[in-house]
Amino acid sequence: MTHVGLPRALGTCYYPEHWPQERWEADARMMAESGLTWVRIGEFAWSRLEPRPGDLQLDWLEKAIEILNEAGLKVVLGTPTATPPRWVVDKHPDMLAVDEQGRPRAFGSRRHYCFSHEGYIEESRRITAILAKRFGASVAAWQTDNEYGCHDTTVSYSDAACRAFQRWLEARYGDIEALNEAWGNVFWSMEYNRFDQIGLPNLTVTDPNPAHALAFRRFSSDQVREFNRVQLEEIRKYSKAPISHNYMGQVTDFDHYALGADMEIATWDSYPLGFLEDRVVAAPEYKQAFARQGDADFQAFHHDLYRAVGRGRWWIMEQQPGPVNWAPHNPAPLPGMVRLWSWEAFAHGAEAVCYFRWRQAPFAQEQMHSGLLRPDSSEAEGLREVRQVANELASAPKVEGNVADVALVFDYDAEWAWAVQPHGQGLSYFGLVLAQYRALRRAGLNIDIVGPSTRDFSDYKAVFAPGLMHLPDDLRTALEEAKCVVVLGPRTAARTIDFEIPTPLPPSLDALQVTVTRVQSLRSDCPVALEGGGNAVGYLETIASEHEPVLEDSAGAPVAVQNGNLMYCAAWLDDEGWDRLISIVAAQVDMVTRSLPVGVRVRRTQSQEFWFNYNAHAVQTEAGEIEPASLIMRTL
Amino acid sequence: MTHVGLPRALGTCYYPEHWPQERWEADARMMAESGLTWVRIGEFAWSRLEPRPGDLQLDWLEKAIEILNEAGLKVVLGTPTATPPRWVVDKHPDMLAVDEQGRPRAFGSRRHYCFSHEGYIEESRRITAILAKRFGASVAAWQTDNEYGCHDTTVSYSDAACRAFQRWLEARYGDIEALNEAWGNVFWSMEYNRFDQIGLPNLTVTDPNPAHALAFRRFSSDQVREFNRVQLEEIRKYSKAPISHNYMGQVTDFDHYALGADMEIATWDSYPLGFLEDRVVAAPEYKQAFARQGDADFQAFHHDLYRAVGRGRWWIMEQQPGPVNWAPHNPAPLPGMVRLWSWEAFAHGAEAVCYFRWRQAPFAQEQMHSGLLRPDSSEAEGLREVRQVANELASAPKVEGNVADVALVFDYDAEWAWAVQPHGQGLSYFGLVLAQYRALRRAGLNIDIVGPSTRDFSDYKAVFAPGLMHLPDDLRTALEEAKCVVVLGPRTAARTIDFEIPTPLPPSLDALQVTVTRVQSLRSDCPVALEGGGNAVGYLETIASEHEPVLEDSAGAPVAVQNGNLMYCAAWLDDEGWDRLISIVAAQVDMVTRSLPVGVRVRRTQSQEFWFNYNAHAVQTEAGEIEPASLIMRTL
Amino acid sequence: MTHVGLPRALGTCYYPEHWPQERWEADARMMAESGLTWVRIGEFAWSRLEPRPGDLQLDWLEKAIEILNEAGLKVVLGTPTATPPRWVVDKHPDMLAVDEQGRPRAFGSRRHYCFSHEGYIEESRRITAILAKRFGASVAAWQTDNEYGCHDTTVSYSDAACRAFQRWLEARYGDIEALNEAWGNVFWSMEYNRFDQIGLPNLTVTDPNPAHALAFRRFSSDQVREFNRVQLEEIRKYSKAPISHNYMGQVTDFDHYALGADMEIATWDSYPLGFLEDRVVAAPEYKQAFARQGDADFQAFHHDLYRAVGRGRWWIMEQQPGPVNWAPHNPAPLPGMVRLWSWEAFAHGAEAVCYFRWRQAPFAQEQMHSGLLRPDSSEAEGLREVRQVANELASAPKVEGNVADVALVFDYDAEWAWAVQPHGQGLSYFGLVLAQYRALRRAGLNIDIVGPSTRDFSDYKAVFAPGLMHLPDDLRTALEEAKCVVVLGPRTAARTIDFEIPTPLPPSLDALQVTVTRVQSLRSDCPVALEGGGNAVGYLETIASEHEPVLEDSAGAPVAVQNGNLMYCAAWLDDEGWDRLISIVAAQVDMVTRSLPVGVRVRRTQSQEFWFNYNAHAVQTEAGEIEPASLIMRTL
Ligand SMILES: [Zn+2]
Ligand SMILES: [Zn+2]
Ligand SMILES: [Zn+2]
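Chains as they are written, first to last, in full-length UniProt numbering: chain L, 1 to 636; chain R, 1 to 636; chain P, 1 to 636.
Warning: the hint list may mix true and false statements.
[Said to hold, decoys possible] Below, in silico cross-link-like pairs of lysine to aspartate or glutamate (EDC-like), each with a Cα-Cα straight-line distance of 16 Å or less:
#1 L:Lys287 with P:Asp525
#2 R:Lys287 with L:Asp525
#3 P:Lys287 with R:Asp525
#4 L:Lys240 with L:Asp207
#5 L:Lys91 with L:Glu118
Calculated directly from the structure, the hints in this document are not laboratory data.
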C-alpha cells in the first residue's frame with residue numbers, strides 16, 4: 001500500500017509520432033490546461049525509432065518528452081515490443097505466433113509474436129535496453145509492451161513454443177516416467193518415451209489429456225512472465241522509475257499476480273461499453289439497459305483485481321472517453337459516464353486515470369476510436385467531463401488506504417483448470433467468481449480480491465473462495481485456520497497439482513467433514529430448486545457430510561454445509577441463492593448488508609462513501625436521489 | 001438367432017493397467033459378488049503391452065485374465081488398435097488421419113489413425129496376432145479395436161486415403177471414361193484423363209459432384225471393413241472365441257451390416273443422457289423433460305438395429321451407469337434409470353449388458369465419467385441398481401427369440417446418399433427413419449430393423465422402407481412381391497447406383513404406377529397441410545399417379561398412393577401424419593395398435609411384455625400404473 | 001439506351017454436350033415452338049472442346065450451333081473459362097485460388113482459379129481466341145466466363161495474388177513512403193521498407209489496417225476486369241457480335257460498372273426463391289410469407305442496377321423456372337410466379353429473359369435444379385408459364401426507353417469500404433441502399449440506379465446517395481450543383497481515397513454546412529426515436545449544423561438537415577423513418593407517391609404501367625384487384 005497519500009491524478013495516451021512536430025507544444029499545453037498530469041507515449045513507435053535494422057532514430061522521442069515535461073506533464077514511456085516492424089519479422093520469420101488451428105498469425109496488425117521465440121526475445125531485450133539507456137532519467141514511469149494476451153495472444157502453437165514446452169516439462173518432471181505417471185498417460189496409451197515426443201495439445205482427435213492441456217496453459221503463462229522479465233532487467237539497469245504493464249479486461253490466460261510481483265504498479269485498460277458488448281455474459285435485456293453505461297460490476301471487479309495485482313498501487317492506463325471502434329456495437333456513453341467511470345476508479349483506490357487517447361487518429365485500425373479531441377483537434381464530448389473530474393479532484397482527498405470486510409479469492413490457475421475441463425457448456429471459473437462478486441456488491445460490501453498466495457486473512461470478516469480446483473496445502477491450512485468465516489466450493493480441491501482426482505475424495509478438509517460423491521452439470525432449463533428459495537444452476541455436486549446443511553435442495557439433499565468457521569457450498573447458485581448464502585454469512589459475522597437495486601453500487605474508502613448509479617434513470621437511495629449516470633460522494 | 005436360451009448376463013469394462021496389481025483380486029471378487037459375469041479388458045493398453053517397438057510385456061495381462069477367470073468371470077479381450085502409442089506414430093508419421101479442412105489429426109487422445117494407411121494396417125495385424133496367439137485360449141470373446149468411427153474418424157482426407165481411393169475407383173470402374181460417364185463429369189468439365197488425377201471431395205470451391213462424394217463415402221466404409229478383417233484373420237488363426245466390435249450410437253459413416261456379417265456378435269455403447277444432449281434432434285422442452293432419462297426411442301432404435309447387425313446376437317458393451325463427462329451437460333440419471341435401461345436392452349433381446357466402467361478413473365480425459373465404483377473404490381449410485389437387475393435376472397427368462405409384426409429397413413448407403421444431397425437444411429435419412437420408428441413405437445408395435453440385403457419379408461405384416469435413394473433391382477423385386485403391405489417413399493429409387501436420376505423417372509415401380517415429377521424442400525415454418533390432419537414437413541415430392549390417393553394435401557394433390565400391397569408416400573410427415581399413415585396400414589393388415597403417451601413404450605419378447613416409463617412422473621397404462629423412471633414386466 | 005425498339009425476347013440455357021446428338025434437333029424445334037429465340041451454350045464445355053492439352057474438338061459445337069440456328073434460334077456462346085479441366089490445373093498447380101483461411105480451393109466443382117495467375121490468364125486467352133476464331137461469325141452474342149465472383153471467388157489469397165497486389169500497389173503509390181503515409185502505417189509500426197514486404201490482409205492477429213484491406217478489395221476487383229478484358233480482346237479480333245457477362249445477385253466483390261463499360265450488354269442470373277433464402281436479410285415471418293414468391297424488391301433492385309451496368313442494355317440470362325437445388329430450402333414457386341418474374345424484368349427494361357435451364361440434368365451438382373423440361377424430356381410446370389409469356393409478348397410493346405423520377409446511387413467502392421469497416425455488426429452498404437430502395441418502391445416510384453461516375457442528374461427530381469464513404473471531388477461537385485433535391489448521408493465523404501478521416505471533418509460540403517462530430521453504432525434493441533415517428537437504427541451520427549433540421553431525434557438533436565436542394569441524413573432509418581424522409585422530399589419536388597402494401601409493387605415504362613402482386617393472396621389496388629402471384633398491365 002505504498003500509494004497512500006499520492007494525489008489522485010489524470011492523464012492521457014499520446015502518439016507524437018502520429019502528428020507533425022509543430023502540434024506537440026500546443027497539445028502539451030492543452031493537456032496541462034485540461035487538468036492532466038500524466039502522458040503515456042511510445043508503446044507502438046518501433047518503426048519510427050528503428051525504421052531499418054540498427055538505424056536508430058531517437059531524437060524525435062527525446063524532443064517529445066522534453067516538450068511534455070516542459071509543460072509540466074510526467075511521461076510514462078512504453079516499450080514498443082507489441083508491434084515489431086515488418087523488418088523484424090523478415091529477420092525472424094518463425095517468430096509469428098501460431099493459432100490453435102495451426103495457422104501462423106500474420107504481420108499486419110499487432111501482437112504478432114510468439115512469447116517463446118528466442119530470436120524475438122533478444123530483439124525485445126535490445127530495443128528495451130536502447131530506450132532505457134537513452135530515456136531512463138527523463139521519464140517518470142515505464143510500461144512494458146502493451147496489453148499482453150490481448151487478441152488471444154498468450155498461447156501460441158508454434159514450433160518455438162513446442163520446443164520450449166518440452167524443456168519446461170523436462171525441468172518440471174525430470175524424467176518422462178514421472179510425467180507419464182503424473183498425467184495418467186496410461187489412459188489411452190498416451191505414454192511417452194522421451195520429452196521430445198510431446199506435442200502441443202491442439203488438433204487432437206478428441207479432447208487432449210486435461211493434465212497435458214493444463215500444463216501447456218501454465219507454461220504459456222510462465223513464458224509471458226519470462227518475456228516481461230527480460231525487459232525489467234534492462235530497464236532497471238538504467239532507470240529508477242517505477243515499471244508497470246497495462247493489463248486488459250478479462251484476459252486471464254497468464255497469471256497477472258506473477259507479473260505484478262515483478263513490477264511496481266499495475267495498470268489496466270477500461271472500456272466499459274466495449275466490454276459489455278463483447279465479453280460480459282448477460283441477458284440481452286440487461287445489455288440493452290446498460291448499452292451506454294456498461295456493466296455496473298465488471299470494471300469494479302477489475303479495479304479490485306488489479307489493486308491486488310499491483311499490491312495496492314494501480315492505475316487506469318486507458319479509460320474509454322467516448323464510443324470505441326472494436327465492439328459489435330459502439331454506442332456513445334450517456335452524458336456523465338466518463339465522469340462516473342473515473343470516480344469509480346478513484347473510489348477503488350486508483351492513483352491515476354488516463355484517457356485513451358488524446359486525439360482521435362484519422363487513419364488505420366482505430367480511426368473510429370474517439371479521443372478527448374476529434375481528429376481535427378476540436379474538443380470531443382468526453383473532454384468536458386474530464387475537466388469536471390479534474391476540478392473535483394482539486395478539493396478531493398488523496399489516495400487512501402483500502403478498507404474491506406470481505407475477501408474474494410481469484411486464482412488464474414483455477415481459471416485454466418476450469419477452461420480445460422468446464423464439465424458443462426458455458427461454465428467458467430471467471431463466471432463463477434464474477435457471480436459471487438456481483439452478489440457481494442448487491443449486498444453493498446467493499447471487497448478485496450486476493451490472490452492464491454494470500455496466507456493472512458486477518459483483515460476480513462469473511463472470505464469467499466469458490467472453484468479453487470487445485471488447493472495448495474499451505475493455502476488450505478491458511479483457510480482452515482482463518483478466524484473469519486471461509487466459504488469454499490464448489491469444486492474446491494477437486495484436483496491434485498497434476499489434475500488428478502485425489503483420494504480421499506475432495507474437498508478433503510480437516511476442519512469440515514464433507515465429501516463430493518458425484519458431480520453433475522445441468523442444462524440451463526434444468527435448475528435444481530433450493531428449499532426456501534433460489535436454485536443450483538449449471539454445476540452441482542452431490543455431497544455427503546455429517547454436519548447440518550446450511551442450504552439444502554427441495555428433496556432435502558445438502559447443498560451447503562458448515563462446521564465452525566468453515567463452509568462448503570456444493571453448487572453454482574442463481575442470484576437468489578447467492579444472496580441467501582451471503583445473508584447467512586453476514587449474520588454470523590455481524591456484517592451489515594444492503595440490498596442494492598440493479599445498477600446502483602456503493603464503495604467506501606477510508607474517508608469517503610461513493611454511490612454510483614449506472615442506470616439511465618434517477619434512483620432514490622439512502623444517500624439521496626442519484627441522477628442518471630451519476631454519483632454521490634459522501635464524507636464519512 | 002443362435003443366442004436363444006443363453007442366460008441374460010451382466011458385465012463391466014475394466015482397466016487393470018490403471019490400478020495396482022494388488023487391487024485386482026478384490027475387484028474381481030466384488031464384480032462377481034455384484035452379479036457380473038463378463039469383463040472387457042485390454043482395448044486401450046498398447047503402451048503397456050508394447051512400451052517400445054518390439055518390447056512385448058504380456059505377463060501382466062495374463063495375470064489379470066487369470067485373476068478374473070479364477071473369480072468366475074469371463075473375459076472379452078479388446079485389441080488395442082484404437083490407441084497406437086506415440087512411438088507407432090513416430091514410426092509412421094503419415095498414419096494420422098486428415099480432417100476435412102486438411103489438417104492432420106494429432107496424437108494425444110485416441111483414434112488417431114487413417115484406415116487406409118498400409119503401414120498402420122500392418123502394425124494392427126502384428127499386435128493382434130501377438131495377442132491372439134498368447135490369449136486365444138484364455139478369453140471367452142474378442143473385441144476388435146474400439147468404437148470405429150467415433151469422433152468422426154471413419155473418413156480421412158489423407159494422402160494414403162487419396163491413393164487408396166484412386167485404386168478403389170479403378171477397381172470399380174475399370175477405365176476412366178466409364179467413371180466420367182457414370183458420374184456425369186461432363187458437367188462443369190470435371191472429366192478426368194487418368195485415375196491418379198482424382199482428388200478427395202473436400203475443399204472444393206462449391207459442392208463437389210455428389211457421385212464423387214458418395215463414392216468416397218462408400219470407399220471410406222469399405223476401408224473400415226478391410227481394416228477390421230485383418231484383425232479377424234489373425235484372431236481366427238489362434239482362437240475359437242466369438243468376435244465382436246462395440247459400435248456407437250448414431251455413427252453411420254460405415255456399413256455396420258458389412259462388419260457385422262464378418263463377426264459373431266454385435267455390441268454397442270449406450271449412453272442415453274449423453275446422446276440426448278449431443279445427437280438427438282428434439283425441441284428444448286423435450287430435452288428438458290428427459291434430461292435425466294434419455295430419449296425413449298433412441299436406445300431402442302439401436303437395440304433393434306444392432307440386433308440386425310449381429311444377426312440376432314447382440315450386447316450392450318458399455319452402458320452408462322451415472323453422469324458421463326463428454327456431453328454439453330452431464331446430469332445424473334434419475335434413480336431407476338440404470339435398471340430401466342438394462343431391462344430395456346434385455347427386452348430387445350440383448351445377451352449381455354456391461355457397464356462402463358468398473359471404477360471411475362482419477363486421471364486423464366474420462367476422469368469425470370462415473371463408474372460403478374468411485375475413484376476411491378466406494379460404491380457409486382449405479383451399482384445399487386445393477387445389483388437389483390442381477391437379482392431380478394435370477395428368476396427371469398433366458399434370451400428368447402424375437403417377435404415383430406413390422407419391419408423397418410435401414411440402409412447405410414441411403415444415409416450417405418442423403419448426406420451428400422440432403423436437398424434441404426436439416427434433412428437426413430437417419431432422421432427420416434427415426435421419425436418413422438418413433439411413430440411405430442407410439443403405436444405400441446414391436447419392430448425389426450432389417451438391412452437392405454433382406455429379401456424375405458414373410459415374417460411381417462408390414463414393411464416400411466422410407467428414403468432408399470438407391471434401390472437395387474433384387475430388393476425392388478423382393479419388396480414389390482412381398483405378401484405384406486410395403487410402404488416406400490419418399491425419395492425411393494431416386495438415384496441409380498452412380499447417383500444419377502434414372503429415366504423413367506423415380507420410383508419407377510412395376511406394381512404401382514407413380515412418378516415423382518417435382519421435388520421440394522420446405523422451410524420449417526412452411527408445412528403443407530394434409531387433408532384430414534397432419535402435414536408434410538421438410539421434404540415433399542409432387543407425384544403423378546393413376547391410383548387413388550391414400551393421403552392428399554389440402555389442395556387435393558396426392559401425397560400417398562397405393563396399389564394392392566404397395567404404397568408410396570411422397571413426403572416427410574409430421575407426427576400426426578405418420579400416425580395416420582400407420583393407422584391406415586394397420587387397418588389393412590389387421591394389426592392392433594396403441595396410442596402410447598410420450599415417454600411410455602412397450603416391447604414384447606416371446607414370453608414377456610415390458611412397459612417402460614421414461615417420464616419423471618408416474619403414468620397410468622393398461623398394464624397398470626408405472627412409477628417414474630421404472631418398468632412393468634408381464635408374463636404373456 | 002441503344003436497345004429501344006428491340007423486340008422483348010425469351011430464351012434458355014442449353015448444354016448440348018450433356019445429351020446425345022440425336023436429341024439436339026428435337027430440342028431446338030421444341031424451343032422455337034415454345035416461343036424462345038435465344039439459346040446460351042458452351043460456357044462449361046472446356047473438357048469436351050479440349051479433352052487433353054491441345055486436342056481441340058470443336059466440330060460438335062459447330063454442329064450444335066448449326067442445328068440451333070437452323071431452328072431459328074440465335075446463339076449466345078459462353079467462353080468456358082469458369083471450368084478449366086483437370087489437366088489445366090495439373091499444368092498450373094498454383095492457379096487455384098486460396099481462401100481467407102489460407103487453403104487452396106480444390107478442383108472438383110467450378111471457378112477454381114485465381115484471377116491473378118498469369119499462366120491461367122494465358123490459358124483463358126488461348127481457348128477464347130480458338131472459340132472466337134471458329135465461331136465468331138456464327139453466334140449472335142458472346143458471354144465471357146460465367147458468374148464472376150460466385151461462390152466467393154473474386155478475392156484470392158494466393159501467392160500469385162500477393163505478387164500481383166504488390167505490383168498493383170507499386171504502380172499506384174510509386175514509392176513505399178507514399179504508401180506508408182497514405183495508409184497511416186505509422187500506427188502500430190506497420191511501415192514497410194519495400195513493396196515486396198506487403199502481404200495480403202488475411203490471418204492477421206487482429207483487424208488489418210482498413211486502408212490495406214480496402215486496397216486489396218480494389219485490386220481484386222481490378223483483376224476481374226483485367227481477366228475479362230483479355231477475353232474481350234480476343235473475341236473482338238474475330239467477331240462483331242455483342243459481348244456480355246452474366247452477373248449474379250448481390251455479388252458485390254468487383255465493380256460491375258467497370259466490366260459493364262467494356263461490354264455491350266449486361267445480363268444477370270435471377271433466382272428469386274434461392275436469393276430469398278440465402279441472401280435476403282429479413283425476418284423469418286417475411287421469409288415464410290414469400291417463400292414461394294421471393295422478395296418483391298430484390299430482383300427489381302438488380303434489374304435497375306444491371307440496367308445501369310449495361311448502360312441501358314440488359315437481359316436476364318438465367319431465370320429460375322421452378323425449384324432450385326442450392327438454397328437452404330428449395331420450394332416450388334407459386335403458380336404464376338415464373339410469368340410474374342418474367343414480366344417484371346420486361347417492366348424494368350430487359351431485352352430478353354432466358355430460363356435456366358432447358359432440360360434438368362440427371363447428373364452432377366445441379367441435378368435437383370429444375371428446367372423447363374424434366375430429365376425425361378417431359379414438360380415441367382414452368383414451361384406452361386413461359387408459353388403464356390411468349391403469347392403475351394406477341395401483342396406487347398417492344399423494349400422502351402426508361403423513365404424514372406428518382407435516381408439512387410450505388411457504388412461498389414462504398415460497398416467494400418463498409419465491408420472493411422462496418423463499424424457495427426450487420427451493417428452493410430448494400431443493406432443501406434436496399435433499405436432506401438425498398439422505401440422508394442413502397443412509395444410507388446420508378447427508380448434509376450446510377451453509378452458513381454454519373455455527373456448529369458438533370459433527368460431526375462430527386463437523387464438519393466446514402467453511404468458514399470469516399471466521395472470523389474467531381475461527384476461531390478455534380479451532386480452539390482444538381483438542380484434536383486439531393487439526399488446524402490449517412491457516412492457520406494467520411495473517408496479520403498486512402499481511407500483516412502478527412503479534415504475538415506465529413507461531409508465537408510460547400511452547399512450545406514454540416515459536420516459529423518461523433519459516430520455511433522447501435523444495438524438492434526437500442527433504436528433512437530425520431531421526433532414525430534420512426535427511428536434511427538444501427539448507425540447514427542451526431543451532427544452539428546447551422547441549418548434547420550428536417551428530422552430530429554426525440555431529444556431535439558438534428559438527424560437530417562437541409563439547405564436548398566441539398567439534404568444530409570445522419571442515420572440509418574427504419575421503414576417509418578425512410579417513408580417520412582421520402583415524403584418530405586416528394587413534397588418539395590412535387591412528386592406523387594403512393595403507400596403500397598407489402599408485396600405489391602408498381603413499375604412504369606414509357607407506354608405501360610405494371611402492377612405486381614407478390615403475395616399469395618389477392619390484393620385490391622387502384623389498378624384493380626390483382627390475383628395472387630400475378631400482375632396487371634395497363635397501357636398509359
Ligand atoms: Zn489498448
Ligand atoms: Zn466408449
Ligand atoms: Zn448460374
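Mind listing which of the numbered hints don't hold for this structure, in increasing order? 4
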